[in-house]
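Q: Residue numbers (my numbering), protein chains in the order written: chain R, 1 to 323; chain E, 1 to 323.
The reader is advised that the hints may include incorrect statements.
[Stated by the list, open to error] The calculated label-pair distances, taken between Cβ atoms and stated as ranges, are:
(1) E:230 / R:316: 56 to 66 Å
(2) E:208 / R:299: 43 to 53 Å
(3) R:29 / E:269: 54 to 64 Å
(4) R:223 / E:203: 47 to 57 Å
(5) R:153 / E:290: 23 to 33 Å
(6) E:203 / R:51: 50 to 60 Å
(7) E:269 / R:323: 54 to 64 Å
(8) E:131 / R:313: 18 to 28 Å
(9) R:117 / E:62: 41 to 51 Å
(10) R:223 / E:131: 46 to 56 Å
(11) R:248 / E:43: 40 to 50 Å
(12) R:313 / E:117: 51 to 61 Å
(13) E:131 / R:47: 24 to 34 Å
(14) R:244 / E:203: 19 to 29 Å
None of these hints come from the bench; they were simulated from the model. Virtual Cβ for every residue (Gly too), placed ideally from N, Cα, C.
2 protein chains.
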Amino acid sequence: MAFTEGSPRVPGVEQITGFGDRLAERVAVRESQLVLGLDPDPARLWPAAIRRAQANGTVAVPPAMRAARAVAAHCALAIEAAGEQCVAVKLQVACFERLGAPGWSVLAETAARAREHGLLVIADAKRGDIGVTAAAYAQAFLDETPTPFGPVPGLGVDALTVNPLLGRDSLEPFTTAARGHGSGLFVLVRTSNPGAAEVQERALADGGSVSGALAALVDEIGFAGTGRSGLSDVGAVVGATAPDRLHALRERMPHAPFLLPGVGAQGGRVEELAPAFMCGPAGGLIAASRGIVAAHEQTGGDPAAAAAREAARIRDLAWRVAA
Amino acid sequence: MAFTEGSPRVPGVEQITGFGDRLAERVAVRESQLVLGLDPDPARLWPAAIRRAQANGTVAVPPAMRAARAVAAHCALAIEAAGEQCVAVKLQVACFERLGAPGWSVLAETAARAREHGLLVIADAKRGDIGVTAAAYAQAFLDETPTPFGPVPGLGVDALTVNPLLGRDSLEPFTTAARGHGSGLFVLVRTSNPGAAEVQERALADGGSVSGALAALVDEIGFAGTGRSGLSDVGAVVGATAPDRLHALRERMPHAPFLLPGVGAQGGRVEELAPAFMCGPAGGLIAASRGIVAAHEQTGGDPAAAAAREAARIRDLAWRVAA
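Here chain R stands alone, though its shape is the one from the complex (with noise of 0.2 Å):
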């Protein structure tokens, strides 16, 4: 939860700042646009990281374990390597989830440690159910559950990925929650994978096309969340390997920032991101997760060396861009 720090306050009542504002603060404080992205896979972690797992380990302990301790140190020998270059970390959750309840717990350790490291945390999960399912994820993600023993906290995270193909009633759940805590959420429009347009550039009998349609279901959600600094709390996942649809995009959604993945491995280049950043510095955030965690891959060296490096090379790249 974010409470406003300059603004006039009624007394005994705190007020939340929008997850649109928010944003903006920190991007501007920080200077950069830059989030890391932890996708952790348990065959490719750094060395040091499983050389750190397997000190505190022993054979008796089950592999999920071991594997989940040894993504906890990949991932905070990243954030710590990297983290000073960005304004957030994007945690994606199928690679905890695959780790099943060892993972759920470093994914909340990994969400603590990046905001130890005062990182904005986004959930990728990519999650979209009916209104009663939608309502549990966001307990899960941006609230608390309650039971019967006392609320069970969820992950507390400052923005989460969803997805919109059941339509708004699916995402209400997701904004109420979200709103409530000064959080924030992306909807997917246009993915980044090769395949993207063949569901969401089809063309729409009365004109446009999917991925437009769902840009107009954004701006018209996002409208309330709208902060003083011009962006929503309700953003979109707009694919940095599609930049012909992004200034058509950055019109339909004017307030919406945008969460654009796509940008190294996958081909994106952030030189062609500039449309993302007509409604100011914070309209686009450049995810980039192989691309800096994998950098030692493409240069040799020491990993947290190259990843820092990379880091700062897309940070300073992007900063230009949106200037």
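The hints should help you fit chain E onto chain R, whose structure is shown.
A: Only chain E this time, still in chain R's reference frame:
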């Protein structure tokens, strides 16, 4: 993993029976198309489950662990009460995930409990992501994750619900993993929520609707996984709340088993689901959650007895509709 019992085998080579054939056989043996939906809300658990959790726990145990124990007891009691009437359980992953790591443990425990009762296990997770991440989710639910410390087994469910908004390449890792284990997928085509039409029934420029295009995709990727029963390992989620769409979707997907949520609390009626069964008695799986588990809220009396009665009623009705 399931291996053919009665079919000819190449010596030393175990042949995997596809999910469509396994489903057809299981429906025939159990004479049921009913799926027990488990979406446990910690605030609405059966009193006996709370008592069981309280008997085992102490105040020093954190709320998440106590709630998870109560959820486990609730699911076990529901399976004991109504499982005999059913062919499968559908575990709503959100409801476990909101309890964090202890919730994930109980998800695995509940899946094992259902298997002990001879039930197929469907994870209702509605995952969908770019290829590399879809592969990670496939490891979590259908396969295992290789790590330097040994493989970490996934949940090993018989079927998983997936979201196709990202297109064909996002579904491939799921299909591959499922086929390798005789498991199946249920792809969202037309969901049961009130606002489902907003995106899914948008008219396309080249005719039909988004859900029609998704149905064509399901039919295409399911082709290679169609068994002797005529059922494929790639099914579709089609809400029981849109019976007017059912006939057209069945024609578009003649081999797909349909998972039909929305009966009961959401307003769907079993009597209107006949088109699902045009390809045989296993062509439609009727998922009922609150309708069974919360039946006592309508009828009064013991939750277990009310659940057993309501499950038997829906099962008999469905078997007649399918005949």
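Q: Give a verdict on every hint.
A: Hints versus structure:
no.: 1; hint: E:230 / R:316: 56 to 66 Å; result: holds, 59 Å
no.: 2; hint: E:208 / R:299: 43 to 53 Å; result: holds, 49 Å
no.: 3; hint: R:29 / E:269: 54 to 64 Å; result: holds, 57 Å
no.: 4; hint: R:223 / E:203: 47 to 57 Å; result: violated, 26 Å
no.: 5; hint: R:153 / E:290: 23 to 33 Å; result: holds, 26 Å
no.: 6; hint: E:203 / R:51: 50 to 60 Å; result: holds, 58 Å
no.: 7; hint: E:269 / R:323: 54 to 64 Å; result: holds, 60 Å
no.: 8; hint: E:131 / R:313: 18 to 28 Å; result: holds, 26 Å
no.: 9; hint: R:117 / E:62: 41 to 51 Å; result: violated, 26 Å
no.: 10; hint: R:223 / E:131: 46 to 56 Å; result: violated, 34 Å
no.: 11; hint: R:248 / E:43: 40 to 50 Å; result: holds, 45 Å
no.: 12; hint: R:313 / E:117: 51 to 61 Å; result: holds, 56 Å
no.: 13; hint: E:131 / R:47: 24 to 34 Å; result: holds, 26 Å
no.: 14; hint: R:244 / E:203: 19 to 29 Å; result: holds, 25 Å
Checked against the numbered hints listed earlier, the structure breaks hints 4, 9 and 10; every other hint is satisfied.
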